[in-house]
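Whenever a hint applies, use it, and build me the whole structure from the sequences.
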Amino acid sequence: MANALQQYLQRHIETEAANLPDWFSTNQFEYCLVIPACAEDMTFIDRFESQFGDKSYLLIVIINEPDNATVETHQQNAALLTSMQTRYSQQQSLAPLYLFGKDNQTSQLLVIDRTAHNSIPAAQGVGLARKIGCDIACRLITQQVIRDPWIYSSDADASLPDNYFEQTDVPCAARVFDFYHDVKDPQIDETLRSATILYEQHLRYYHAGLEWAGSPYAFYTLGSTLAVHYEYYARVRGFPKRNGGEDFYLLNKLAKTGEVLFIPECRIKLEARVSDRVPFGTGPAVASIMALNNPQTDYCSYHPQVFAELKTLLKQLESFFNEEKPVNLSIELDNALEIIRFDEGLTHSRKQAKNTEQFLKHMHDWLDGFKTLKLIHTLRDNSYPDQPLPQSLNNCPFQYKISPIPPQ
Numbered sequence: 077m078a079n080a081l082q083q084y085l086q087r088h089i090e091t092e093a094a095n096l097p098d099w100f101s102t103n104q105f106e107y108c109l110v111i112p113a114c115a116e117d118m119t120f121i122d123r124f125e126s127q128f129g130d131k132s133y134l135l136i137v138i139i140n141e142p143d144n145a146t147v148e149t150h151q152q153n154a155a156l157l158t159s160m161q162t163r164y165s166q167q168q169s170l171a172p173l174y175l176f177g178k179d180n181q182t183s184q185l186l187v188i189d190r191t192a193h194n195s196i197p198a199a200q201g202v203g204l205a206r207k208i209g210c211d212i213a214c215r216l217i218t219q220q221v222i223r224d225p226w227i228y229s230s231d232a233d234a235s236l237p238d239n240y241f242e243q244t245d246v247p248c249a250a251r252v253f254d255f256y257h258d259v260k261d262p263q264i265d266e267t268l269r270s271a272t273i274l275y276e277q278h279l280r281y282y283h284a285g286l287e288w289a290g291s292p293y294a295f296y297t298l299g300s301t302l303a304v305h306y307e308y309y310a311r312v313r314g315f316p317k318r319n320g321g322e323d324f325y326l327l328n329k330l331a332k333t334g335e336v337l338f339i340p341e342c343r344i345k346l347e348a349r350v351s352d353r354v355p356f357g358t359g360p361a362v363a364s365i366m367a368l369n370n371p372q373t374d375y376c377s378y379h380p381q382v383f384a385e386l387k388t389l390l391k392q393l394e395s396f397f398n399e400e401k402p403v404n405l406s407i408e409l410d411n412a413l414e415i416i417r418f419d420e421g422l423t424h425s426r427k428q429a430k431n432t433e434q435f436l437k438h439m440h441d442w443l444d445g446f447k448t449l450k451l452i453h454t455l456r457d458n459s460y461p462d463q464p465l466p467q468s469l470n471n472c473p474f475q476y477k478i479s480p481i482p483p484q
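Sequential numbering of the sequence shown, starting at 77, is according to this note's numbering.
Please note: incorrect hints may appear among the correct ones.
To be verified - For lysine to aspartate or glutamate, the following EDC-like pairs were computed, each having C-alpha atoms within a straight-line distance of at most 16 angstroms:
| id | residue 1 | residue 2 |
| --- | --- | --- |
| 1 | K332 | E433 |
| 2 | K317 | D462 |
| 3 | K332 | D441 |
| 4 | K260 | D122 |
| 5 | K391 | D410 |
| 6 | K329 | E307 |
| 7 | K450 | E433 |
| 8 | K131 | D261 |
| 9 | K329 | D410 |
| 10 | K345 | D261 |
| 11 | K345 | D238 |
| 12 | K391 | E347 |
| 13 | K387 | D374 |
| 14 | K178 | D122 |
| 15 | K401 | D374 |
Calculated from the structure, these hints are not laboratory results.
Put into structure tokens, the structure is as follows:
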């Protein structure tokens, strides 16, 4: 693990992390939190300062905009940096890096300006923004500037619970926190409220289906709800530089190196809002639901049978080590496995494995979160079409959890 960490820091971290000025002392902060910000105002800074102002932590904010950003987005980003420069009494700068602080606080704000002539390639988007911030955090943890080994990642629209930094230190590669969207906000309209509830139910339904099927990739993949151990982060070479899905692919790699632990008692509140900053994810999904004539009947999700087929496969997976193919697979599942080239995974895993345990490890690495999703989509497209979400929820053979909105 130590070699992977050093190789990452020497060869793969982003320029901002590699050229970080010597602004910090040893054991200066207990925690760190990484937030990408695009077209935001000071609201999220106010929220974090109000809640965690008495803690010793470094807030790393990457003000980012794509190289095809609108004039309005650039103006909002410029206004955010100006507001920071106006507010803080302690300031250091070596563009594109800025360090802000207040005389009466132990926390500080490290800002990376990736706007204007230093904008981010549109195709790399929020993935690169997160990678820059987390690379800096990884380096500072390695240098013992930050004492806690966890890189906390969230978003500007997130409200973090009081126990956010106080999780049991169970050995694992990553922690995934629970979440809920603030559908009780009186300022949002009913159309947005209903669409957000539907999409969150879909997310929870998919998670519950994977969990019921026995998939080791049954975890939420939201960039605003995770924390990564810095050594595992380096081992998988950080966030992938892509505009959307960066959280999914990071966790997909991390799950092959260690456990991804779900923390249900830590619930992050997310703002219910429409966004087009990424091509897919919560914002675009909610927008597409709102565009439907009747979302309650027109918004569809996976047929429960796709999870039943996945469950059958995973229960039979061990038998593939000695058998060419178990006889009790359905025609629908058999056809889907052929389409996703399941035999290639079997051939590779059998060659690499000396026993059943090794075979299962290789097969679960092959049938990862991406391949599992591909299998489910193949089953959907060829055998079990999506159906209205309420119908799927009513007919599924497993329990799913409605949005865990805490009582007022």
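Restraint status (C-alpha distance of K260 to D122 at most 16 angstroms) = The given pair, whose Cα atoms are some 21 angstroms apart, is violated under the 16 angstroms limit.
K131 paired with D261 [C-alpha distance capped at 16 angstroms] | Cα-Cα ~28 angstroms, so violated.
Is the hinted pair K391 and E347 satisfied, with a Cα-Cα distance of at most 16 angstroms?
-> Violated, at roughly 39 angstroms.
Under the criterion that the straight-line Cα-Cα distance not exceed 16 angstroms, is the pair K329, E307 satisfied?
-> It holds: about 13 angstroms lies between the C-alpha atoms, which stays within 16 angstroms.
Holds or violated: K391 with D410, Cα cutoff 16 angstroms?
-> OK: K391 and D410 at ~15 angstroms, within 16 angstroms.
Taking 16 angstroms as the top limit, are the C-alpha atoms of K178 and D122 close enough?
-> holds, 13 angstroms
Hey, K317 versus D462, does the alpha-carbon distance stay inside 16 angstroms?
-> violated, 31 angstroms
Distance restraint between K332 and D441, which requires alpha-carbon spacing of 16 angstroms or less | holds, 6 angstroms
If you draw a straight line from the CA of K387 to the CA of D374, is it 16 angstroms or shorter?
-> violated, 27 angstroms
Within 16 angstroms, alpha carbon to alpha carbon, are K332 and E433?
-> Holds, at roughly 14 angstroms.
With a cut-off of 16 angstroms on the C-alpha distance, tell me whether K401 and D374 pass.
-> violated, 38 angstroms
16 angstroms Cα cutoff - pair K329, D410 = Outside the cut-off at roughly 27 angstroms; violated.
Hints 2, 4, 7, 8, 9, 12, 13, 15, counting from the list given before, are not met by this structure.
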